[in-house]
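S.K.: This is what each chain is made of:
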Amino acid sequence: MALEATNISVSFPGVKALRKVSLVFQPGRIHAVLGANGSGKSTLVKVLTGIYHPDKDCGGKIIIDGHEYQSIESPSVAHEKGIRVVHQESPLVHTFTVAESVALSKEYPMKGPRVDWKAVRKYVQDLFGVFEIDMDPDTLTEHLTAAERNMVAMATAIGMNRELEETKALILDEADASIPEAEAEYFLKHVRRIADMGIPVIMVTHRLKAARNYCDDVSILNGGELVYSGLIKDTSEDLIVSNMIRKPAEEGQQLSVDRPGAALDELWRLLGSRMRPKKDTPVLQIKRVVAENLNHLSLELKTGEVLGIVGIPDSGVNELPLLLGGELALDSGEVVVDGKQLSRKSSPRRAIRAGLAILPNDRAVRGGIMPCSLRENMLLPNESRFWHKKKLAKATVDLCSDIFDVNPRGQKDMDFGKFSGGNQQKAIMAKWLLPCPAVFILNDPTYGVDPASRLKIFDLIKSAAHSNIGIIIFSTEPEQLVNVCTRVLALQNGKVGGELTVQDGTLTREAIAKWCYT
Amino acid sequence: MVLHMSKNLFTRYGLLLIVAVLFIVFSLSNSAFPTAQNISAFLVGRVAVGFFAIAALVPLVAGEFDISLGYMLGFCIMLGAKVGSMGAPAWLTLLAAVLSGIFMGCMNGLLTVACRIPSTISTLGSGMVMYGLALGTSNSKSINGVIDSGAKAFFRLKIFGLNISIWLLILVGVILFYVLENTPFGRQIYAVGYSERVTRLAGARTKMLRFLSFVIAGLIIGVSAMIMLGQSGNAYPDTGPDFLMPGLATVFLSITYHTVGRYNVPGTLVALLLLGVVFNGIGLMGAPFWVEDVVNGVILLLVVLTKSSDARKAQTE
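Residue numbers (numbering that gives the first Met the number 0), protein chains in the order written: chain A, 0 to 517; chain B, 0 to 316.
Just so you know, the hints here were simulated from the structure itself, not pulled from any lab data.
On a predicted model such as this, the values are computed, not experimentally measured, just so you know.
Where hints are given, some of them may not hold.
Taking lysine to any residue pairs in the SDA-like style, the calculated list, with each CA pair at most 25 Å apart, reads [stated by the list, open to error]:
#1 B:Lys206 x A:Ala328
#2 A:Lys301 x A:Gly497
#3 B:Lys157 x B:Gln36
#4 B:Lys206 x A:Val364
#5 A:Lys301 x A:Asn482
#6 A:Lys208 x A:Lys494
#7 A:Lys390 x B:Leu8
#8 A:Lys393 x B:Glu180
#9 A:Lys388 x B:Val178
#10 A:Lys45 x A:Gly420
#11 A:Lys390 x B:Arg11
#12 A:Lys344 x B:Arg204
#13 A:Lys389 x B:Arg204
#14 A:Lys389 x B:Tyr12
Simulated coverage check for chain A against chain B, where a stretch passes if three residues somewhere in it have a Cβ under 8 Å from a Cβ of chain B [as the list claims (entries may be wrong)]:
#15 354-364
#16 381-395
Backbone N, C-alpha and C define an ideal beta-carbon position, used for all residues, glycine too.
With the hints as extra help, turn the sequences into a complete structure.
M.R.: Okay, structure coming up:
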């Protein structure tokens, strides 16, 4: 009862997402699929679940329990053939009880014209019996822990009796992402029990340690190719990390900074402000900060420095940008910007006033307003400067479009949503560099950005640093930090666990990757 | 969906063209239509709906929906009349009407922003309370003759042949247009309506902006109540709710004009004319009273349907 994919290639306009990937998932074994963002992991899952289809001419095949298919037409066909998936966001309704949520994705047993809730509860109890889940079906789903939610989601996806017999494979598509480290072991033991029922389990994950402890097989994708496949016990962390690192060739050419900072200076002069002076004192000090995962974190940033910060999800690396952006209050400790202590009562407004500018992740929701124009997005934090100064506003947007290379040019009234991801990101950089902040924090600046824009973004970061702005970069593709950062800090358990610098030669792609995956 | 200079003029100004065509058609088919008397009367008849539409526009721009405004209008008139009936001079009577509008706007803002009640629910609740209070204040009867003839004369003043209330509506419209389109406050309030999150991250006081949108709506309703009370000196317990539907229809039509896809002041005023011309024209042809509502509804659906789906989706979703 194995699931097999042979010679699968998937192309999108201009990109090859998967190249001749062949994998075998054996029953009773947990198979970890690893890879950096954009490596093709999610494309593979989508091929197996019928959302994407392999290229017609690649001769690829998907073999489910001995039956061969050219491609799986749709998610419902995938389900019919016995492929069960649990996604990152589990489909449980918050205000429903567990039993109601489970019933939602199954058929409702009826008693005459009404739903037979007794039968629903009985079904859920039996289902939980099969999967050894100890839980009252009347619990509200919002009271479950992340691990429990995922256990219910898996049980619901697989089902029991006939449904269970029909199950040919279970795919966990980063289902463990929301589970905190402490619960991960509990969850993975449960996954093991499902594998022991003789089901092949495919686990797409970012958790390297967990994968090494609980999985049997491992496959690593990199740039759409399968670069390693074998038994997990034959691997080491170093081997896995070195296979996950993006190939250097992909990063391409060296950066070209022509008169660095001159263009930004021109922009600031247009607005009547000037470049910040170079100082020896730190422009940002974080002192013994405690907030959620951050545990007595201290660090310093100098003017003109480009600091990268990396770490695994629980290390505090997700909270730090929120804290600096004023979205997360600190429990204790202090943040000092340019010699002034940040008020304890935090808000984005206060953070901006203090000189912190944040380019947020999740561009579509937090970065830009898609139905508003480019002009409105670019000038949003500074509207008061442009009151009754239409000419200045136009000149500013035009100059920004030139400096930040926002294409197409001269379309300042076009909806922001109609620009490509890379151009949106460059415009958002312009929005935050316009007011000449003391510290510019970029959270995942190159996510969903084309390679040319990515180079331009790095270029601009270096220019800004040259103009004495302190820069901090967080990234979900951390290996690329080596191209732009002068120093990288690795967070561990909420504080700085390691420091890599250019000067002492420790700042390498391998070293960075190691800190963020293990 | 902003002002695209490249977009052809018909997309942006088509609504005005329709008004002009209808005006000519009605003028040719009925000689009573284009008389100064008829036009003046018909414009005066649009003023109350116009104020209502402009008031409802502000919360909609900020992404909120205020359905209490109809009841609020009746409440403000009744409260002013009650003050007047206790022997207050005209200026105090009218001031009471305006202040009660501002006060109820603040209440709506507090309920929605500070207490985090979705605006449809908070304003439904406050609207029902205001309706009940208006009935209670007047004991379900009308209050008459609370304004002296001097003040009444002011509100019946004609400037260039048009009643002063029309000029006041235009004045409020122009001020609001300037505020929404040309001030940082206006830019931010539109931004809040699209994405409170991004706007907050950009350093704007989004809660204050949302709160103020309710207060401004209350203020405009208060001014409208002042004019209505000043013109007649009478307050009726059932005034107000009737303006809700035609007023909202007028605002929704505004997204098809000027800055297509956004609620805006010029669009609201042109839509006001459109609905008025149609109603007046077919009224002169002898159509019965119920036709107004049918026509209002059909026009709203037709005009919005013929616009691109882009424009429709933009702010109504």
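S.K.: Give a verdict on every hint.
M.R.: A quick look at each hint next to the structure:
Only pairs whose Cα atoms come within 25 Å are accepted, and Lys206 of chain B paired with Ala328 of chain A is accepted, the gap being roughly 18 Å. A threshold of 25 Å between alpha carbons decides the hint, and for Lys301 of chain A with Gly497 of chain A the separation of about 18 Å falls inside it, so the pair holds. A C-alpha spacing of about 13 Å is found between Lys157 of chain B and Gln36 of chain B, which places the hinted pair at or below 25 Å, so the restraint holds. Simply put, Lys206 of chain B and Val364 of chain A have alpha-carbon atoms about 18 Å apart, close enough for the 25 Å limit, and the pair holds.
Restraint check for Lys301 of chain A and Asn482 of chain A: the C-alpha separation of about 19 Å stays at or below 25 Å, so the hint holds. This hinted pair checks out: Lys208 of chain A and Lys494 of chain A have alpha carbons roughly 20 Å apart, not beyond 25 Å. This hinted pair checks out: Lys390 of chain A and Leu8 of chain B have alpha carbons roughly 24 Å apart, not beyond 25 Å. The suggested pairing of Lys393 of chain A with Glu180 of chain B holds, with an alpha-carbon distance near 15 Å, which does not exceed 25 Å.
Our distance criterion of 25 Å between C-alpha atoms is met by Lys388 of chain A and Val178 of chain B, whose separation comes to about 15 Å. Taking the CA atoms of Lys45 of chain A and Gly420 of chain A, the gap is near 22 Å; set against the 25 Å cutoff, the hint holds. The straight-line distance between the Cα atoms of Lys390 of chain A and Arg11 of chain B is roughly 24 Å, inside the 25 Å bound, and the hint therefore holds. With a C-alpha separation of about 15 Å, the suggested pairing of Lys344 of chain A with Arg204 of chain B holds against the 25 Å cut-off.
As the CA atoms of Lys389 of chain A and Arg204 of chain B are separated by approximately 23 Å, the hinted pair is consistent with the 25 Å bound. Distance hint between Lys389 of chain A and Tyr12 of chain B is fulfilled; the C-alpha atoms sit about 23 Å from each other, no more than 25 Å. Counting residues of the stretch 354-364 of chain A whose C-beta lies closer than 8 Å to any C-beta of chain B gives 3; at least three are required, and the coverage claim holds. For the stretch 381-395 of chain A, the stated coverage by chain B holds: 5 residues have a C-beta nearer than 8 Å to a C-beta of that chain, and at least 3 were required.
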